[in-house]
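K.L.:
Sequence:
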Amino acid sequence: GIATFIPKYFETTYSSKQIAGIATSLTYLTPVAGQVILGTLTDRWGGRRILYLTTVMSVAVFTLFFLIKNPVAQVAILGLFAFFVYSGFPVVLGYAQQTVPKEVAARLNGIVWGLGNTLGGAAGASMAGQLVDHFSFVTSFYISWFFGLISIAFLPLVPKDKNSQAKMEAVN
Numbered sequence: 001g002i003a004t005f006i007p008k009y010f011e012t013t014y015s016s017k018q019i020a021g022i023a024t025s026l027t028y029l030t031p032v033a034g035q036v037i038l039g040t041l042t043d044r045w046g047g048r049r050i051l052y053l054t055t056v057m058s059v060a061v062f063t064l065f066f067l068i069k070n071p072v073a074q075v076a077i078l079g080l081f082a083f084f085v086y087s088g089f090p091v092v093l094g095y096a097q098q099t100v101p102k103e104v105a106a107r108l109n110g111i112v113w114g115l116g117n118t119l120g121g122a123a124g125a126s127m128a129g130q131l132v133d134h135f136s137f138v139t140s141f142y143i144s145w146f147f148g149l150i151s152i153a154f155l156p157l158v159p160k161d162k163n164s165q166a167k168m169e170a171v172n
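At position 9 of the sequence shown (counting the first as 1) the number is 9 in the numbering used here, and the numbers step up by one without a gap.
Fair warning: there could be bad hints in the mix.
[Said to hold, decoys possible] BS3-like, lysine-lysine: derived pairs with alpha carbons at most 25 Å apart:
{"no.": "1", "residue 1": "Lys-69", "residue 2": "Lys-8"}
{"no.": "2", "residue 1": "Lys-102", "residue 2": "Lys-160"}
{"no.": "3", "residue 1": "Lys-69", "residue 2": "Lys-17"}
Keep in mind the hints are simulated off the structure, nothing from the lab.
When you get a sec, could you build the whole thing from the sequences and use the hints?
P.N.:
So this is what it looks like as structure tokens:
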């Protein structure tokens, strides 16, 4: 839901469509690198570890977004946020494949992508829109951040992927 309102946030906060355009471009560009890098790490170290990394770093970097009130710094922070948050779904898909038998991996990916990315993205954008209408951009971002914080609390419930210990031993 946050990506939907990032351009308007920058346009409103800094009165600059140029900054809004750069910020939007970065939210599309940095995950390209993130998906390759974090996908490689998912294969190498296991999806659970990288899922932890992307979740915690997304929340931590978004926290910086609130604390720093400089347009250039906020755009850079947003690029780093996008690197982690929009690389999360490929990491989840890789993790899902590591935890289930091959015979059902493609079906599971369809469920994860359909429910997690598509339905979750639609629900997030709708929720963020409602929040922006009733409060402000910043308040809606804080509420979204809070959901991210809650997701960190649930990370210990994520089952270990099979062979993750063997992968770490192979790396070391």
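K.L.:
Against the structure shown, which of the earlier numbered hints fail to hold, in ascending order?
P.N.:
Per hint list: zero violations.
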